[in-house]
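Novice: Sequence:
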Amino acid sequence: MRVLLVTNMYPTKELPHFGIFVKEQVESLRALGVEIDVLFINGKKSKLEYLRGFPRLWRRVQKESYDLIHAHYVLAGAVARTQRSVPVLLTHHGPEVFMTWQAWVSRLITGSFESVIVVSREMKDRLGAGKAHVIPCGIDLQHFHSRDKEECRRELGLPLDKKLVLWAGEHTRPEKRFELVQAAMDRLRFVRPDVELVLLSGKPHDVVPAYMNACDVLVLTSDAEGSPMVIKEAMACNLPVVSTAVGDVADVIGGTAGCYITGQNPTEIAWKLALALERGARTEGRDRVAHLSLDVIGHRVLGIYQQTIADSRRQRAAVAPAPEKGRPS
Numbered sequence: 018m019r020v021l022l023v024t025n026m027y028p029t030k031e032l033p034h035f036g037i038f039v040k041e042q043v044e045s046l047r048a049l050g051v052e053i054d055v056l057f058i059n060g061k062k063s064k065l066e067y068l069r070g071f072p073r074l075w076r077r078v079q080k081e082s083y084d085l086i087h088a089h090y091v092l093a094g095a096v097a098r099t100q101r102s103v104p105v106l107l108t109h110h111g112p113e114v115f116m117t118w119q120a121w122v123s124r125l126i127t128g129s130f131e132s133v134i135v136v137s138r139e140m141k142d143r144l145g146a147g148k149a150h151v152i153p154c155g156i157d158l159q160h161f162h163s164r165d166k167e168e169c170r171r172e173l174g175l176p177l178d179k180k181l182v183l184w185a186g187e188h189t190r191p192e193k194r195f196e197l198v199q200a201a202m203d204r205l206r207f208v209r210p211d212v213e214l215v216l217l218s219g220k221p222h223d224v225v226p227a228y229m230n231a232c233d234v235l236v237l238t239s240d241a242e243g244s245p246m247v248i249k250e251a252m253a254c255n256l257p258v259v260s261t262a263v264g265d266v267a268d269v270i271g272g273t274a275g276c277y278i279t280g281q282n283p284t285e286i287a288w289k290l291a292l293a294l295e296r297g298a299r300t301e302g303r304d305r306v307a308h309l310s311l312d313v314i315g316h317r318v319l320g321i322y323q324q325t326i327a328d329s330r331r332q333r334a335a336v337a338p339a340p341e342k343g344r345p346s
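In this text, residue positions in the sequence shown follow our numbering: the first is 18, and each later residue adds one.
What the hints contain is simulated information worked out from the structure, not anything from laboratory work.
Note that the structure is predicted; figures quoted are calculated from it, not measured.
With a Cα cut of at most 35 angstroms, we get these calculated DSBU-like pairs of lysine-lysine: (1) K180 / K40; (2) K220 / K40; (3) K179 / K166; (4) K40 / K141; (5) K64 / K141; (6) K30 / K180; (7) K193 / K220; (8) K193 / K166; (9) K64 / K148; (10) K179 / K220; (11) K166 / K40; (12) K64 / K220; (13) K180 / K193; (14) K148 / K62; (15) K220 / K141.
Ranges of calculated distance between the beta carbons of each label pair, as one might list FRET restraints: (16) P338 / S218: 56 to 66 angstroms; (17) Y67 / G147: 25 to 35 angstroms; (18) G271 / R101: 41 to 51 angstroms; (19) P191 / R171: 27 to 37 angstroms; (20) G147 / P176: 47 to 57 angstroms; (21) T284 / D54: 47 to 57 angstroms; (22) E295 / E52: 43 to 53 angstroms; (23) S82 / L177: 53 to 63 angstroms; (24) H316 / G174: 33 to 43 angstroms.
We treat Cβ as the ideally placed atom computed from N, Cα and C, and that holds for glycine.
Take the sequences, apply the hints, and build the full model.
Specialist: Given below as structure tokens:
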């Protein structure tokens with residue numbers, strides 16, 4: 018099986034963490050025997066890259082023989098859909114499908130793809146994609162696992178005598194609502210003056226597990242998410258979580274002791290953080306996310322590849338012209 022992956026998120030030398038979950042999925046599928054070429058449209062560098070993406074895609078399809086194109090994110094999908102010779106699977110990853118200007122694009126073109134994957138049930142319902150497959154991105158359980166807290170703090174130069182609340186992500190993005198975390202921390206320090214906020218943003222993905230093991234609780238306050246990797250990774254490290262009920266967070270943390278769903282009220286966020294800190298123990302979150310390993314998710318995506326290719330070949334065979342009478346078929 019040969020697949021062309023088209024994406025506008027993929028790690029670069031300058032941004033090694035950018036779209037790392039897409040790369041991890043690619044590597045997991047390669048490990049299963051899928052031959053994958055990557056066409057990266059770096060829209061972060063310049064919006065003109067999307068225009069350049071069209072001829073780059075057409076040249077690839079004309080030159081190479083692919084069984085399937087797998088597009089990640091709707092704008093990459095729009096580029097991939099401009100050809101009809103190869104079936105296209107589109108994966109929607111984020112809340113842009115229902116909360117930004119990309120929402121109307123998503124609704125307009127999602128039905129034109131041979132197959133669609135969304136990363137949460139919420140996304141499927143809000144997009145109105147009844148036939149979409151719900152498959153979140155997998156976690157590297159070999160990379161994300163429990164380690165000694167004190168050892169990790171020494172490694173990262175973090176204080177040994179503080180309770181540490183971890184924020185991981187792009188805090189400058191307005192939908193992440195970082196101002197709620199700042200307000201909650203102000204309230205929390207009234208009752209827990211030993212608390213300190215650790216901001217993890219823009220650092221290499223390799224150091225994320227150390228931060229998760231060094232801290233006492235992770236907080237997420239977003240307006241919307243798809244299937245936030247940071248929550249699943251924290252669970253894999255048995256790190257307590259306080260999060261808004263966005264994307265698939267409620268399903269992922271379930272009834273895990275030490276993990277709490279919160280509203281977007283700073284007082285409530287502070288209270289839930291205090292509960293997690295007062296409990297003072299790691300969770301059993303890793304058991305809750307074992308079914309989300311890279312290998313398990315890779316097999317599920319591979320199944321969609323096989324199904325999409327088979328369905329496309331059947332449809333093409335059904336509409337192929339019948340051989341003329343008197344000529345061999």
